[in-house]
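Asks: Chain residues, written in single-letter form:
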Amino acid sequence: MNTPVIGVLALQGDVREHLTALAAAGAEARTVRRPAELDGVEGLVIPGGESTTMSKLAALFGMLEPLRERVRAGMPVYGTCAGMIMLAEKILDPRSGQETVGGIDMIVRRNAFGRQNESFEAAVEVDGVEGGPVEGVFIRAPWVESVGAEVRVLAEYGGHVVAVRQGNALATSFHPELTGDHRLHRFFTDMVRSAR
Amino acid sequence: MSTTLPTVPQSPETGTARVKRGMAEQLKGGVIMDVVTPEQAKIAEDAGAVAVMALERVPADIRKDGGVARMSDPDMIEGIIDAVSIPVMAKSRIGHFVEAQVLQSLGVDYIDESEVLTPADEVNHSDKWAFTTPFVCGATNLGEALRRIGEGAAMIRSKGEAGTGNVVEAVRHLRQIKNEIARLRGFDNNELYAAAKELRAPYEIVKEVAALGKLPVVLFSAGGVATPADAALMRQLGAEGVFVGSGIFKSGDPAKRAAAIVKATTFYDDPKVIAEASRNLGEAMVGINCDTLPEAERYANRGW
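Respectively, the protein sequence lines represent chains A and B.
Mapping to our numbering: the first sequence position 111 is 111, numbers consecutive.
Add 196 to a position in the second sequence, counting from 1, and you land on the number used in our numbering.
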């Protein structure tokens, strides 16, 4: 009963890596592609992937509204990279028809750190995550352009906001799921436990 | 060359194995589409493609036209880069590392060292560790896949038989790779040395595959996918995503077919969704029976 059930939105992206990281962090991890599957989870990870593709598939298969409802109702949610974009209230320069789930009062710039040749890894200090900096893997990564008063900035890199939290919603520009460092997944799993 | 991933550096580092392989992880569950114009690139993006492959002629036309097929015009590639926000890939000839250098300088997100173009070197593939831009390479079996990974490939795809609209070769390659991985799983340490020799692949990577039960990089299918059911078949056979070449823009209604293949790739295990996606798509590309292809016209035989 004490093991939180956490879903990973499995429309597209690095789903398996998140499932592995969540399991290592002490959660029961499952994939979520349909509204009925969303009903069975206490928290949700929106993985890295292509935000335009993910947004289209979410709209096409009737996932956008159920996701918005759950997030509004306070379900803990964590977005990495494309997942961060999905949690933004506003995207700078969205593609036509690109809709988000929202949940964090922020404006996100897509591919802000550049194309693949500029993708990089670096150590990032995250407020609230103990034991030294986490391994930040940034792949065609977005950054947070601006945040509302309710949003707490958890990390910056190169003068740009790369990790934020608002209530039960968490987002990072980088991909902890691609590293063996599961501290952020434990941090999120604890958020899910606290939300009970 | 060891494929052990490095620990995180204190100062930012680009072009690491983790960043290159991680990029392909982001494409999983998606469809990468061949496009020859910025307009086609936009249609692909609107249909939900996770990336596009920019090239001058789709494989079906390369087959028809004959002659030497080379890297595309930089102007054409840049036009496509400017038109979309999703990642853009482009092809270099096998062993033509200067074409690869040019593609890297243009800022493409992935380089496909591709047998669809005419090989430039009959012995050597490009040294892909020397590049910041990651590479995807084709393979017909496990040994070939592991040799490419040894040379630095950050993503593997089946070769299939591009430009035929016939999925039979891609099925063969994917099954072959999967079966050979399953066989490695049963080997003890003593046997892995002989297996590496037999596979003509680096021992360290063979050992890694035996432990993981999968390739250490993402595996996609390519070659011959023409319908939503083809894409779902490749996914059910273990491909983590799908390249579609001539199958979309050589069909009657490219926008509709592209969106349908995207849907079937995500819900590859749900026949109802695949059935829905398969309705009224218009004419599929005509296709070629692989049995009637002369040896010299088989692209899968290129590379080694």
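Worth flagging that the hints you see were computed from the coordinates, not collected in a lab.
Honestly, I wouldn't trust all of these hints.
Derived DMTMM-like pairs (lysine to aspartate or glutamate); straight-line CA-CA distance at most 20 Å [unchecked claim]:
(1) LYS374(B) x GLU235(B)
(2) LYS90(A) x GLU150(A)
(3) LYS238(B) x GLU99(A)
(4) LYS410(B) x ASP449(B)
(5) LYS90(A) x GLU118(A)
(6) LYS468(B) x GLU37(A)
(7) LYS238(B) x ASP93(A)
(8) LYS452(B) x GLU235(B)
(9) LYS260(B) x ASP487(B)
What follows is a set of in silico ranges between Cβ atoms, one per label pair, in the way DEER data are often shown [unchecked claim]:
(10) LYS90(A) x GLY263(B): 43 to 53 Å
(11) ASP278(B) x ARG68(A): 56 to 66 Å
(12) THR210(B) x ARG30(A): 17 to 27 Å
In this text, a Cβ means the ideal position worked out from N, Cα and C, and glycines have one as well.
Asks: Each hint should be assessed against the structure and marked as holding or not.
Replies: Structure-based check of all given hints:
no.	hint	result
1	LYS374(B) x GLU235(B)	37 Å, violated
2	LYS90(A) x GLU150(A)	15 Å, holds
3	LYS238(B) x GLU99(A)	17 Å, holds
4	LYS410(B) x ASP449(B)	36 Å, violated
5	LYS90(A) x GLU118(A)	24 Å, violated
6	LYS468(B) x GLU37(A)	17 Å, holds
7	LYS238(B) x ASP93(A)	15 Å, holds
8	LYS452(B) x GLU235(B)	15 Å, holds
9	LYS260(B) x ASP487(B)	17 Å, holds
10	LYS90(A) x GLY263(B): 43 to 53 Å	50 Å, holds
11	ASP278(B) x ARG68(A): 56 to 66 Å	33 Å, violated
12	THR210(B) x ARG30(A): 17 to 27 Å	35 Å, violated
Taken one by one, the earlier hints fail for this structure at numbers 1, 4, 5, 11 and 12, listed in ascending order.
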